[in-house]
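Colleague: Taking the hints into account, I'd like the entire structure generated from these sequences.
Here the protein sequences come in this chain order: E and U. FYI, UniProt numbering numbers position 240 of the first sequence as 240, with every residue one higher than the one before it. FYI, UniProt numbering numbers position 50 of the second sequence as 50, with every residue one higher than the one before it.
Rather than coming from a laboratory, the hints here were simulated on the basis of the structure. Take the hints with a grain of salt, since some may be wrong.
[Said to hold, decoys possible] Under 10 Å between C-beta atoms, here's a sample of chain E residues computed to sit facing chain U:
1) 12
2) 15
3) 27
4) 43
5) 84
6) 87
7) 490
Note that the structure is predicted; figures quoted are calculated from it, not measured. Idealized CB from N, CA, C, for every residue including glycine.
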Amino acid sequence: MDLRPAEVTSILEKEIESYGGDSNMQSVGTVLTVGDGVARVWGLGDCMMNELLEFEGGVRGVALNLEEDNVGCVLLGDAAKVKEGGTVKGTGRIISVPTGDSLLGRVVNALGDPVDGRGALAVTESDYLPIEQPAPSVVERQPVTEPMQTGIKAIDAMIPIGRGQRELIIGDRQTGKTALMIDAIINQKLTGGGDPSNPEQVLCVYVAMGQKQSTVVDVVNRLEAAGAMPYTIVVSASAMDEASMQYLGAYAGCTMAERFRDEGRHVLIMYDDLYKQALAYRQVMLLLRRPPGREAFPGDVFNLHSRLLERAAKLADNAPEINPRYKKGGGSITALPVVETQEGDVSAYIPTNVISITDGQIFLESDLFNSGVRPAVNAGISVSRVGGAAQLPAMKKIAGGLRLELAQYRSLQAFAQFGSDLDKATQQILTRGERLVEILKQGQYVPVAVEDQIMVIYAGTSGALDKLAASRVVEFEKAYLELIHDSFPEVPAEILDTKKLSDEGKAKLDDAAKRTIELLG
Amino acid sequence: MIGQVAQRYADALYNLAAREGALDAVASDVSELAKAIGGEKASHFLLNPRVDRDKREAALLGTLSGAHALTTKFARLCFSKGREAVLLELGEAFRLRQMAEDGVVEGVVESARPLDHGEIASLATNLSARLGKTVQLDNRIDASLIGGVRVTVGSSMLDLTVQGRLDDLRERLMRVPLTAGR
Chain E
1 MDLRPAEVTS ILEKEIESYG GDSNMQSVGT VLTVGDGVAR VWGLGDCMMN ELLEFEGGVR
61 GVALNLEEDN VGCVLLGDAA KVKEGGTVKG TGRIISVPTG DSLLGRVVNA LGDPVDGRGA
121 LAVTESDYLP IEQPAPSVVE RQPVTEPMQT GIKAIDAMIP IGRGQRELII GDRQTGKTAL
181 MIDAIINQKL TGGGDPSNPE QVLCVYVAMG QKQSTVVDVV NRLEAAGAMP YTIVVSASAM
241 DEASMQYLGA YAGCTMAERF RDEGRHVLIM YDDLYKQALA YRQVMLLLRR PPGREAFPGD
301 VFNLHSRLLE RAAKLADNAP EINPRYKKGG GSITALPVVE TQEGDVSAYI PTNVISITDG
361 QIFLESDLFN SGVRPAVNAG ISVSRVGGAA QLPAMKKIAG GLRLELAQYR SLQAFAQFGS
421 DLDKATQQIL TRGERLVEIL KQGQYVPVAV EDQIMVIYAG TSGALDKLAA SRVVEFEKAY
481 LELIHDSFPE VPAEILDTKK LSDEGKAKLD DAAKRTIELL G
Chain U
1 MIGQVAQRYA DALYNLAARE GALDAVASDV SELAKAIGGE KASHFLLNPR VDRDKREAAL
61 LGTLSGAHAL TTKFARLCFS KGREAVLLEL GEAFRLRQMA EDGVVEGVVE SARPLDHGEI
121 ASLATNLSAR LGKTVQLDNR IDASLIGGVR VTVGSSMLDL TVQGRLDDLR ERLMRVPLTA
181 GR
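Modeller: So this is what it looks like as C-alpha cells:
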C-alpha cells in the first residue's frame, strides 16, 4: 500500500480538529492474575457479560465470568503484554465485529480485522454489530421453500438442502468435507454470476476454526482460482490463534452473515469445524474454572452450538413489520456446520449434539472414499429433514426412484460376488445400482448445474445405461451433456423455466442417450 | 484489597458493636490493635506456627488489657478458629465498613504537580455531588501525566490528563481507514 503524505496530513488535521475527548467516568480494574490466555481482574464494577475490555499494550479481552469479587476474562491477543497489576479499561460495549459489503472478498480474523494484507476495511462505527445476537423468533421465520444448490449430484438429488436450513456435514478426517464445501461455494456463482451487487447472488461465509493455516490458504486460493472470492468472506481463526478467537470465530462469521440476511439477501455459511470449536471452548472454560461435565466439556456446550445454529433461518416476508431490526424480509442464512468424527464414531458427545440440532446430516465415509466413491456420501444414513420441500419438482420426481434403486442395490450388494448364479431380477438391480453409483461420482471443484444433474440422473434411472459398461459412465456423462446442449438446448431451458421435465423432454433425453451410446460405440 | 473472610469477620464485629452501642469504643480498640500488630515483627509472631497458639493468644490479649469486652471476645474467637490472620486485616476491613456506613468513598487523584488543598477540596465536592457519596481524595504525583488530573474512585476512573488524551488520540488515528493508493 503506498500512502500519500498529504492525505495523512489532512486526516490528522480533521481528526485533531474534531477531537473533543470525553469527561465521562470510565470503568477500570486491576489485573490480579494472568496466564494461559485468561486473566482475572479486580474492580470493573459495572462490567457486562461479553464486554470488550482493553488491557495495557492494546491487548483486548472479553469478560466471560462475572464473579463476586473479580471478573474472569479471555485475552484476544498477546498475553505477554499483560502484566499483573496492570490497568484494565471497560469499553462499555459488547464484543462486536464489522459487517457489510466491504468484507466480501476478504480474509478476516475472529475480531473482523483483515489478515490478508490488503489494507483496512472501509467500515464505519455503525457497521459494527455484536457477535452474539438473538435468533429470529417464531413469527419472524417461514418454512424453507427455495433450493440451495450445492452442485453435487449426490446431495442435490438425495439430500436436498433448502435456503434457511442447517445441514450437518459429518465424517472422519480425509473424507472430503472441506472439498465439498468449496464446491458448494463455487456453485453459488450460478445464482448471480458471481457479482455480489446482484441481489440474486448467494453470498458465502467460510469460517475456519482450529484449521491449519495452510488449509485456509489452500481454500482461499481455490476460491480465488474459481472466481468465487468476490462474493465470499473467509473468517480465519486458525490453530495458531488463541483458543478464545477459535471459539468466537463462529459467532463473528454468523454476525457478518446476519447483516446480509437482514437486508433480504441469501447467505450460505460454513462452520469448519464445530468439534474443534468445542475443544477451544472447553479449554477456555476449564481455564476459567467453570465446572467440567461429560468429556470435560462445560455444561453449556449444547447451547454453544444450538444458539449459533438457531441463527440460521429463512425470514418471513413481513419480518420488517414485526421487528425493525430487519430491513427487508425473505432473506436467509443456510448453515453447513462440519463435525469431524474420530474413527467414524457418530455417537460421541459433540456429534450427537449437533446431529440433534441440525435439520439433517450428510455422512462422509472413509471406506467409500477409499474405494473411489467421491464425494464419499453415504446416501443410506444421510438425511435432509426439511429440504425436500425446496427441491425442484423435476428433481424430486427423478430422485425418488434413484433413492429406492440405490437402497435395493445396497441391500443386495453383498451377493454381487455370486455373479451369474443370481436370478435375473437381482442381476438387474445390481447392474442398475452400479451405474447409478458411477453417475453420482464427481470430480473435485467441478460442481454441476441443477438442470444437468436432472438430465444425467434421468439417464441413469431410465435404464439407458444398463447396457453400457459401468467404467464408461463418466465418459458417457460428458458426451451426453455436450450432445444435449448442442442438439436439444430447449430441454435444459425447459427444466429451468418450468422446473418440470415434460414427457416430450424425456423422449428427447432418451433419444440423446441412445445417440451418445452409439457414438461411444 | 481485603480478603472476603476478614471482611465477614469485621462486618460481624461491626454489627454487634452497633447493636450494643459500643461502636466508638470498639472502633478505637480496633485501630489501637491495628497499630500494635501492624509491625513486621509483631505480625510474624502472631502467625508463627512454632509458637504455641495459647502463648500467642495470651500475648495478644495482654495488649488488649483495657479494651471493650467485645474486642477481647473477638480476638479469642479468632484464635480458637485458627483465624489469626483475620486480625491483621481487621483494622482496614473495619474502617471500610465504617466508611460504607457513613457513605464515604476513598479515591486517588493523580496529577503531574502537587495539588493544593483548595483544588483537592473542590474536586472532592464536585465528585461527591456526581457520585452521591462523600469522596475523600488522596493526591499522588506522576510526572508522566504531563498535565491535568486523573481521579480513580473504586472501579471508576475519570481521565482528564494530557497523557490520557494523547493515548486516546493515538488509538483513534490508528483506526482511521486509509483509502489512498490501493
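Colleague: Can the hint on residue 84 of chain E be confirmed by a CB-to-CB distance to chain U that is less than 10 Å?
Modeller: It is violated, given that the least Cβ distance between residue 84 of chain E and chain U is near 13 Å, above 10 Å.
Colleague: A closest beta-carbon separation below 10 Å is what the hint needs, so does residue 15 of chain E meet it against chain U?
Modeller: Interface hint status for residue 15 of chain E: holds (6 Å vs cutoff 10 Å).
Colleague: Report holds or violated for the interface hint on residue 27 of chain E, using the least CB-CB distance to chain U and a cut-off of 10 Å.
Modeller: Holds: closest Cβ of chain U sits about 6 Å from residue 27 of chain E, inside 10 Å.
Colleague: Do the numbers back the hint for residue 87 of chain E, that is, is its least Cβ distance to chain U under 10 Å?
Modeller: holds, 8 Å
Colleague: Is the shortest C-beta separation between residue 490 of chain E and chain U less than 10 Å?
Modeller: Violated: closest Cβ of chain U sits about 47 Å from residue 490 of chain E, beyond 10 Å.
Colleague: Holds or violated: is there a CB of chain U closer than 10 Å to the CB of residue 12 of chain E?
Modeller: holds, 7 Å
Colleague: Does residue 43 of chain E meet its interface restraint, that is, does its C-beta lie within less than 10 Å of any C-beta in chain U?
Modeller: holds, 4 Å
Comparing the model with each earlier hint shows violations of hints 5, 7; every other hint is respected.
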